[in-house]
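Q: Below are the chains, spelled out letter by letter.
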Amino acid sequence: MLFKKMSMELDVFVGNTTVLDEDVYQLWLDGQTVTDAVRIRIEAGALQECEANAEVLLSDTMDQFRTFQMCERLLQSPSKVANQLLFQIPPHRQTMLIERYYEFDSMFAREVLGKKLSKGTKKDLDDIGSKTGIVLKSCRRQFDNFKRVFKVVEELKGPLVENIQRHFLLSDVLARDYAAIVFFANSRFETGKRKLQYLSFQDFAFCAGQLISYWTVGAVDNVVENMDVDLEKEFLHDLKDLKVLVNDKDMLDQHKSLVCAQLRGKIKVFSEMEASFKNLSRALVNIASKLTHTKDVRDLFIDLVEKFIEPCRSDKWTIGDLRLFLTHYSSSVHTLEAFRRQVIWDRYMGVIKSCILKMYHD
Amino acid sequence: MPGKLKAKIVAGRHLPVMDRASDLTDAFVEVKFGNTTFKTDVYPKSLNPQWNSEWFKFEVDDEDLQDEPLQITVLDHDTYSANDAIGKVYIDIDPLLCSEAATVISGWLPIYDTIHGIRGEINVLVKVDLFNDLNRFRQSSCGVKFFCTTSIPRCYRAVMVHGFVEELVVNEDPEYQWIDRIRTPRASNEARQRLIFLMSGELQRKIGLKVLEMGGNAVVGYLQCFDLEGETGLVVRAIGTACTLEKISTLPATATHPSNSSPSKDMKEPGFGEEAPGVPLSSGPPTPLRAQTFSSFSPSKSYSRQSSSSDTELSLTPKTGMGSGGSAGKEAGPLKALLRQQTQSALEQREYPFFTLTAFPPGFLLHVGGVVSARSVKLLDRIHNPDEPETRDAWWEEIRQEIKSHAKALGCHAVVGYSESTSICEEVCILSASGTAAILSSRFMQDGSLDTEHRFEEVVPPGCGFCHIPYDELNIPFPAQLTYCYCCRRYKVPDVLFTTIDLPTEANVTGKGCLIQARLCRTKKKAQGEGNATAISNLLPFLEYELHTQLMNKLKLRGMNALFGLRIQISVGETMLLGLASATGVYLTALPSPGGIQVAGKTPSDITYEQHISNMQKKINDTISKNKELHEINPPEVVEEIIGSPIPEPRQRSRLFRSHSESSDEVSELDLSHGKKDAFVLEIDDTDAVEDIHALLTDSPTPAGFYSCNTEIMPGIQNWTSAIQMFTSVRVFRLNANLTNQGLNKIFSDLCENLLKSLYFKLRSMVPCCLCHLNFTVAIPEDELIQVAVTAVAMSFDKEQSLENGKQSGEKTLIKAITENDEQLQFNLELNAETSSPNPLSSPKGLSEVGSHPSARAPSVDYSSFADRCSSWIEQLKLKAHTIRRGSVKTTSSLEKASPLPEGRSRSLRSNRSYSGSSVAVVKMTPLSFIPGAKIIKYLGIINMFFIRETTSLREEGGVSGFLHTFIAEVFAMVRAHVAALGGNAVVSYSMKECVFMENPNKNQAQCLINVSGDAVIFIQESELESTSVQTQSATTHTSNGGEGT
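Respectively, the protein sequence lines represent chains P and L.
Using this note's numbering, you'd call the opening residue of the first sequence number 5 and step up by one each time.
Using this note's numbering, you'd call the opening residue of the second sequence number 271 and step up by one each time.
One chain only, chain P, in its complex shape (with noise of 0.2 Å):
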């Protein structure tokens, strides 16, 4: 009754050390309103604390999100916030504010993974809320983190992840992420399509995470200058070499001797696999083959799903035979000496080894 005969017309708080309180922090980044946020943290208990009552709290959290959002653009470029005077921050909360508010749900990243980081793709931004639930405001905060590293970094010389680190102040695991965000966005890899749709954003990440290291410039060539972000022209080029693997008949069939010959006995589908050797062991090198192509690149994960990971999983191999064919697969190329591209071939299969173990689920 007291509260029609006044209204709050101003209500701030400031102390000389910032007060941040981080689960109101997380709240904010989530997108919430202040209605709802004092929802949640009423539901969350925080009545019981300190003899709060609702009008505490909405007062509470009406001043925090202000706080944040006054924050937020240091935040976006977190080297200012170190050296900037407005706020009176501890250096370990700085890193806490950064880290969070770069986090980001990998269920969006899935969503936004290989795509053109434009405003395109930001109009999309509501179907992936309504579909992600994750709430509008949240998705545009990442969507424009993903895009402001993107265009820093991209021209950047030097490792990706490191660049990432240096001019966003990030924890390794966050900066490696991002590095397969950029590095997914750059390479526009197809992620969309629905026989994709099993993989996670892990999944891709580390599949992104191993392509950065070994087949991009940076990989090889340990020089400051060198990009990490596009793959190496040169090795995708060499890769057509490989295609003697399958076109030499001899060495199709020596290749697979030497590796049922290792196997047998040692995996439950030997026979699925002494039959399907030949398609298997094709469709790995014309994936590799056609890589100098950018369409094929971009292709390269639908590629290994529908060639080789969908047969195999149609024929119930288990992850344990697919590792030790791979292996074996891969191993047994050394010892075919009319082979040559030794080095070529081991770059090539070390990366798609571990991206297709890692794609090998349900």
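Among these hints, one or two may not hold up.
Stated by the list, open to error - Think about it this way: if two alpha-carbon atoms lie no more than 25 Å apart in a straight line, the pair counts; the simulated DSS-like pairs of lysine-lysine are: (1) 155(P) with 120(P); (2) 155(P) with 315(L); (3) 84(P) with 888(L); (4) 135(P) with 199(P); (5) 237(P) with 299(P); (6) 888(L) with 898(L).
It is worth saying that the hints were derived from the structure and are not from the lab.
Given chain P, put chain L in place with the hints provided.
A: For chain L alone, coordinates are given in the frame of chain P:
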């Protein structure tokens, strides 16, 4: 030509984009002092320009040095149109004018624009070379130290406390000049900011002159205020306490000053403070209300729009000559009464025996009489001649005289904890002054009392002495119940004691204290001019009376018997008056235990009514016992029969706060029949009273783990951790309906309670913690708006040790006190090494200390020790202050040659910081005079800043809250940056003295003015101090910078 100011513009960073086309800025800087302006080159196309300018040199009078700020303007060069201003930095160079304060200003300072707020930062270097000035009639007062702190600053010792200094200057407010109609809001704001900088500089200089005249070298408890009178002008006024301070830099044993052993010291044996009250008192008017409020409104004087009778130099009392006080002292005989008279006469010779101090050196404060206050309502008139602000002076004159006479009526010769304030609404102005009547020891006030020997032998004054009544018990100026002191049983004490000072450290207190507030709203009719003034002055006594009643009731409800730090603020608006009284309640062991509160009904026949009453009584009793438990008040049970009842029972034992002549007899009877304790009777005779009782009970207790007070420290808590959080919270409420007094009261009270609740909730992570120095300011910015601003500090403490704290911490401090000086010394020297500031007051002992480990020191240290030797030698020759200054100039220059980095200290500070990873130094801020767990090793000067912020895009900046939140954060940032640039790492005695907020949401506009002040200091953590003193060298890092957040 007594001074050379040098400034160098190094670089800028985070500048805003001024050229949309290139997304860059072509920045250059104008450096202006007085009428001289220098410019840097344009640094094209960069948001992080590196100007690295030459040294711009200004040759100026020291008078100008004191008055003018250094004004740095950053602009964007534009070939075709006018250059755009990015923002400004005002630098107060006053701290550089005092040899003991800062030596250089160096660091990143925020570039501030009154429309856009902070826009990037600029790195500057500022130094001052002062030359000797032998002119006796000089207008400057360089070298006088200013402190906001209302006690003797921590690394100083009071040699002499000279007394009250005051000054005011007036000017036209640029906002109201005709030119304001044609200039931009930015130009107008900047004119105002600059004017206020100038005026406060001038004010400080004038006060400094008065201090020098009195023979002092410092102003403690410096309180400067602005009165934005609007059309009639702008008044800047300040009060303070002139002192002669001496830096503590010697060991106690060697502290004797050979020249100062004068006979006068003999009569100051320690016991003299405790003698019985005596001394006939002058015939002050008997005060109606006990020891507090008096309001006055004399139509004849205040209405008259001319500057009537009184001259500025009111010659009723002779101007205080330094010598006169001393000579009076020398003739003193051994008789205590005579001594008392002497002190009194020494004080009486002062125009105003007022002290803005709230805490005192041991043995200074002898007895406390009670609160004295005076108010008067004035109509503002145009100030015709700014150079002679006669009317304003006369107004304060009048009020101070009144305060003085009130103090006299209480048998006191001095007023301590004195402060002045105003509240303005349109053309009406309420002037208020308040303080605590007291009797002081003469030892700090007489010439020749400068004997350090005695001070160290000082017996710690007993914890009850100050409670003993100073007035004659047969001639009590108001009805009071006196008993024998519950501590010493020798002297009389009152039943309740109200004061405006901090709780004396030696006071015996039972349990803990708590914040007590009385809140009151009174509606008033809209009126104009004289009618309005009369209406207000008629309301004032009632307001004060009720505030007092509330305070008393709430005090009893908490089972306490004394208030400290009492501050009553009365704010005037067009349709209402607001009163807010805040104080810290405690239970003084020396005073009698307060009786309970008894509810008495008017018509005892009705049964349901009686039931209601007894319910209420029960509630009250429960609250009292709950409160006692909460605050740990369990005084030893006193058997009253032992001392008997020394005082004839006064007839009106119970003072009736709502006295009805018809019912009073009945009530007092009822009361007397109710046991030995004096019950406090609340009579429920009307709905008002019922409301009041409800209001009493609505004050919710502080949540578990929290304590609160508005004084410096909370009795019973000693083991503070170093975690402190200073904060400012502002709320504005709109009242939407026509409300009755009760309705208003309820709203206002809820408002304050909710604000407190919010604060507790916000700071819950610091539990166990105490909110100290909770300073509430209320204002009525517009009709139907109430603004409440709070500044305080939350300090965590260790619960574990709080049980055993009593003795242990006492011992600890004792040990510390002994070792203190030694450590202090060490740091002075090391500091010198870094700052290249010689310490003219260091002693021969200091020299030997240096001599004992010369090898351990870096070469640069030799210079400083040389400086030390030099200056202390000079000191021994008893040369005057200015000669020492000359010496300091010499040494500075020699140091400059020696070190390639001219800005030794702050440079090295910054390099230390960079090691710790963060590029911005942590600056702690606190409204208290100390930092827990740390030792203040140097005062760098006063911080006194005034900012205006205006916006024409209120919605875009997040509405009023967003706007004000940003502004307050910006003000904090600027204070921190300026302190860091002075080489400091904390601000103590910080206060936000003004926060005037105006909005016009329809026009999407808002404006806010903020004035803050404090003392910039360097502190070091005590833990570090211990370790560094062992290692002597190397650790001069002052590392407290790197520490955890404030």
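Q: For the pair supplied as a hint, residue 84(P) and residue 888(L), is the alpha-carbon distance within the 25 Å limit?
A: Violated, because 60 Å separates the two Cα atoms, which is more than 25 Å.
Q: Would you check the hint for residue 135(P) and residue 199(P), treating anything up to 25 Å between C-alpha atoms as holding?
A: With a Cα-Cα distance of about 18 Å, the restraint between residue 135(P) and residue 199(P) holds, given a limit of 25 Å.
Q: For residue 155(P) and residue 120(P), compute the direct alpha-carbon distance and say whether it is at most 25 Å.
A: holds, 12 Å
Q: Please work out if residue 237(P) and residue 299(P) have their alpha carbons no farther apart than 25 Å.
A: Since the Cα atoms of residue 237(P) and residue 299(P) sit roughly 14 Å apart, the hinted pair holds (cutoff 25 Å).
Q: What's the verdict on residue 888(L) and residue 898(L), does the C-alpha distance respect the 25 Å limit or exceed it?
A: Measuring from Cα to Cα gives roughly 15 Å; hence the hint holds.
Q: Holds or violated: residue 155(P) and residue 315(L), Cα atoms, limit 25 Å.
A: holds, 22 Å
The structure fails to meet hint 3 from the earlier list, while all remaining hints are met.
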